[in-house]
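**Q** Listed here are the chains, written in short residue letters.
There are 2 protein chains.
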Amino acid sequence: MLKTIEYVDGVVRMIDQTKLPLESVFVDCRTIEEVGSAIKTMVIRGAPAIGVAAAMGVSLGAAAIEAETFDDFFSQLEAQCAELGQSRPTAVNLAWGIERMTRVAQENKSLPLAELKTLLRDESIKICAEDIEINKAMGRHGQALIEKGQTVLTHCNAGALATAGYGTALGVIRAAMEAGKNIKVMANETRPFLQGARLTVWELKEDNIPVTLITDNMSGFFMKKKAIDCVVVGADRIAANGDVANKIGTYMVATMAEKHKIPFYVAAPISTLDMSLSSGDLIPIEERSSEEVTSVQNQRIAPEGTNAAHPAFDVTPNDMITAIITEKGVARPPFAESLKRLAEQK
Amino acid sequence: MLKTIEYVDGVVRMIDQTKLPLESVFVDCRTIEEVGSAIKTMVIRGAPAIGVAAAMGVSLGAAAIEAETFDDFFSQLEAQCAELGQSRPTAVNLAWGIERMTRVAQENKSLPLAELKTLLRDESIKICAEDIEINKAMGRHGQALIEKGQTVLTHCNAGALATAGYGTALGVIRAAMEAGKNIKVMANETRPFLQGARLTVWELKEDNIPVTLITDNMSGFFMKKKAIDCVVVGADRIAANGDVANKIGTYMVATMAEKHKIPFYVAAPISTLDMSLSSGDLIPIEERSSEEVTSVQNQRIAPEGTNAAHPAFDVTPNDMITAIITEKGVARPPFAESLKRLAEQK
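As they're listed, the protein sequences go chains L and Z.
Start counting the first sequence at 10; every next residue gets the next number (the working numbering).
Start counting the second sequence at 10; every next residue gets the next number (the working numbering).
One thing to keep in mind: the hints can contain errors.
[What the hints assert, rightly or not] Simulated restraints on C-beta separations:
1) L11/L x N191/Z: 51 to 57 Å
2) K49/L x L11/Z: 37 to 43 Å
3) E300/L x T50/Z: 25 to 31 Å
4) T40/L x D216/Z: 46 to 52 Å
5) S285/Z x K12/L: 58 to 64 Å
6) R309/L x K49/Z: 24 to 30 Å
[To be verified] Among the chain L residues that face chain Z by a calculated CB cut under 8 Å, a handful are:
7) L31
8) A206
9) W211
10) K214
11) I218
12) T221
13) K268
14) S287
15) T303
16) A318
Hints in this document: simulated from the structure, not taken from any laboratory.
Please read these numbers as outputs of a predicted model, since none were measured by experiment.
Each residue gets a CB set at the ideal place from its N, CA and C atoms; glycine is no exception.
Hey, can you work out the whole structure from these sequences and the hints?
**A** Pasting the structure below:
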């Protein structure tokens, strides 16, 4: 499996997810600005992967700062972080990655700056490694919810490519396969960016997990035919009450699951929780370019001058969610209590 | 506005709907087989347009038959019709168009064959003209259901291009505009064939009706935001109990409308009713090529060898439908009674 992101000789290397699966091209980021741009253009995407990229971006930023004192260093770092933090608004992991790095800087302000820069680089590499461990723990907890031979629907790509590796929703699916459950996957193609068709199908094929691609408007048909047993998706931000922001279309999948009484699971690390927001109504929803809707892989599909809307995420209310799978365990309703308990657990 | 289909000098001319809106190319059919192939490959699509094409196809078939007696003529015609009837399974208008033509042939069996062939040609041209009148009547009845300034969501293309002209669902929208209601339209792109992005947007822009294109997974987001006031779609076949087969994804739109208590209207001519089927479960659902899912406009979007499913239609149960708009009036639940009444009405 190709690595989503890694630190190589002072360079942050990412597989270009806008080009997969037709081309496997790597993008090397040498500055924090280049990392911000890679996040914005979706060279790298997926909430946990954005968190890792942000941390590595901060370490690149730190390395390039010329300063004599910690205060000077830190104020320059904060300015860079503020800009990086604007690259995408919905995934809270971006802010989480930045915050963890700046906290480590502050906690080690007495170190010589050269040493602090090394420490920050190592911290970002540690965040990357931790992410894989977190996903494996999530997989262990989540796979218990899936039964032998079931067909699991997923939306977007919450896989190895959306994380440092293994994946959140696809981590649960991988763990179920590793537990010998012989499950099958249905993957929504996930317009406009086609993360399902391009990334999820590619990942699962690489791992020999049986997958059938469908368009986003077909899941209702297959649920009505009882061909889908449960849904597992990732998350970009989870409010304190359990409302989940995730890729546009997730809310419709949840509504179909509710109508057909099919369990709807969300798999996300604790870093995706935003306990500062009481409800999903407060989560900022990114509006992306309408050209991503009027074209597919740079080929226009609609008349010239077409007006299109492109909200990149939606919010699924907590009362439509069966359980939220985290690395610390599985939260069940009422989520306001269960998520708080997990978040505070050491 | 370009004509969807017309009879020109012994040729059935269609605008190639696989190429719109990037190219305006016409396809000339000279035989019944060429018409069948145009239907199968979706050069022409949309239930009422398929009905018109079928009738014109039968007249081309009739013109080419060499026979001395009516019985010989008619058995050859029936063989041709049987094959044409296989071109697409879901839209009942195909069978309806063929049946009307063979009935006219039988009712005029005493005519000299040359005259009968002319009569059949004229009948198919009449069916085409009638379709436009039917759509205008449907528009008059349907527009009364839409209020000033509302935003109407539609799925697929149930427009001029899906009919001989004016459209069914888009006919209702056109009539509402003509009544000065200043409505707005949201159009689902309608993967995999993109009838919404390519055809509905194009038609509405030509008529200066404000339209915003969205991907199929966005309508839930906009309904939750109260940005959609009602839904109007077409139909490919309606069972006696009011269950509606329509383009894949319609069932999900209906489910979202149900969740948000938004009226869900179906606009279709009486010829779309199949009173021989007691419920939508009996409607045959066409399974099309998976390549239409793994590619967009002949450009591959998924890994090579991807397994994909492609049911081309789904069935929306009658209890999710607010009203069915026909040229004879608006049917309300219980549809088993109201549709029967309309079907029997002269």
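**Q** Any of the earlier hints contradicted here, and which numbers?
**A** Numbers 11, 14, in rising order.
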